[in-house]
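Visitor: Residue strings, one per chain:
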Amino acid sequence: MNKNFFRLLTLSCITFLSLALYSCKGVSDSDIQKNVSEKLAGMPGVMVDVKNGVVTLSGVCSDEASKANCETQAKSVKGVKSVINNCTVTPPPTATAPVTISPDDALTTNVKDAIKDFTGVNATVADGVVTLTGTLKRDRLKNLMQSLNTLKPKKINNQLTLQ
Amino acid sequence: MSLQDKYKELLDTAKTSEVNNLQVREQDNVLYVDGDAPSGQVKDNLWNIYNKIDPDYRAGDLVMNVNVSAAAGQKAKVTTDQSNLNIRKGPGTDQPVVGKAAHNEIVTLISKTNDQWFLIKTDAGEEGYAYAQYLTPQ
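Chains as they are written, first to last, in my numbering: chain H, 1 to 163; chain V, 164 to 301.
Derived from the structure by calculation, the hints contain no laboratory data.
Taking lysine-lysine and the DSS-like style, the derived pairs with C-alpha atoms no more than 27 Å apart in a straight line are:
#, chain 1, residue 1, chain 2, residue 2
1, V, 240, H, 116
2, H, 142, V, 275
3, H, 152, V, 215
4, V, 215, H, 137
5, V, 252, H, 116
6, H, 137, V, 263
7, H, 116, V, 238
8, V, 275, H, 112
9, H, 112, V, 252
10, V, 284, H, 116
Since the model is a prediction, treat every value here as computed from it, not as a measurement.
Using the sequences plus the hints, can you model the full thing?
Guide: Written as structure tokens, this is what we have:
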């Protein structure tokens with residue numbers, strides 16, 4: 001009786017263990033690949049590679065948060081042992097550079113250079129604002145303005161009398 | 164009406180004519196447009212549109228710093244009104260004149276010091292700084 005009980009116990013233990021082992025081994029790499037890919041369907045830039053239950057994520061994520069999210073999603077898939085997250089984060093699309101305004105002393109020197117060949121034109125600089133006075137032929141105005149616009153002024157007040 | 168609306172034609176043209184690194188920002192009622200034009204023609208066209216929207220550039224609400232990108236070794240034409248272009252020892256009109264390039268002469272760009280001054284070399288071998296506004300990269 002006792003002997004039989006132990007035999008039964010041993011047998012059921014083995015059955016249980018083998019079942020447990022089987023269920024562990026049961027999710028194949030290709031299944032994991034499929035399930036992780038489905039979870040990450042919303043992130044087309046991310047590629048999934050699975051080897052022996054270890055998921056490697058590669059590709060490009062839009063930001064750190066979505067990179068972390070990919071990893072969490074992949075970890076939640078059944079059968080995944082661990083996740084190697086090789087995703088890179090794309091820098092935000094050419095961040096808008098702040099407007100640079102030349103300091104007055106540099107601007108004054110450069111404005112002087114720019115108007116040198118435009119006889120009759122006077123310029124003053126105050127707080128980055130270039131004010132033009134005097135007279136100029138209209139057909140030369142574009143050249144003068146092109147020149148002054150490269151100097152990073154705050155604005156240009158054109159009070160020239162055009163001829 | 165926002166400034167971006169006022170200068171919409173200009174901004175649209177800049178985008179479609181492949182102005183690189185185009186930056187458009189509005190600050191204290193002034194619109195700042197920066198970028199590298201692929202050619203002198205594109206730059207000129209943008210300035211013509213600017214003049215059409217704001218005749219004689221009177222409004223003072225746009226600073227357009229769009230220049231023709233110039234690479235070392237590139238050729239540039241001297242586009243002065245009619246006079247010779249001074250070649251100077253350093254970048255500044257206070258620098259001594261070390262040579263001259265004739266009107267319409269083709270010179271070689273050595274480097275771009277800034278948006279105002281290019282280091283150039285003439286075919287005659289004269290080397291020095293010239294005012295960028297009078298050089299049109301070819």
